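Numbers 1 to 181, taken from UniProt numbering, label the letters of the sequence shown in order.
Source of the hints: derived by calculation from the structure; they are not laboratory data.
Using 35 angstroms as the maximum straight-line C-alpha spacing, the simulated DSBU-like pairs for lysine-lysine come out as follows: (1) K28 - K180; (2) K169 - K2; (3) K19 - K180.
All values reported here derive from a predicted model rather than from experimental measurement.
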Amino acid sequence: MKELSMHILDIAQNSVRAKAHRITITVKELVSQNIFQFVIEDDGPGIPETILQDIRNPFTTSRTMRRVGLGIPFLEDTCNMCDGTLQIDSASGQGTTITATMCYDHIDRPPIGDMWSTIATLISSNAQINIKYEHYYDDTSFDISTNDLKEVLGDDVPLTDIQVIQWLKNYLKENMLELKA
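With the hints as constraints, model all of the structure from the sequences given.
This is the structure in structure tokens:
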């Protein structure tokens, strides 16, 4: 994948398919420490031990239509290429946490990409799930969640409304760019 936002979307979609009620996505750009990290944590059913043992194999997947799962192997390759690690913690009935860490200034680290569209898409497409997004850039941070948006918008305005989606993309973009200003 050419952008880290696509890796994040792929892993978060796994949480959605696992029927998680809460997904937290944390991005840390710790430039002063030369660390780029993202963590995706959910409260889904967890990954069964039989799959967890072999999850880094591209021919291990829970899907029935297509018997290849490249998301985790591609992400692990990206982490390894950038002098980083991929950690997967999961227990049946307790959810899953995936942590991808890499050197911030590594020449092979893909750009973060269009994170604002990725997060806006996840939130607007999965309004029934509380998706929390946290973004840290050294000592500054920004966060937003589905529950925060619902509280502001009330019950009359759906997260699927095109004007809400456009506003959300712009709001996310503005705040993410402001972190680095």
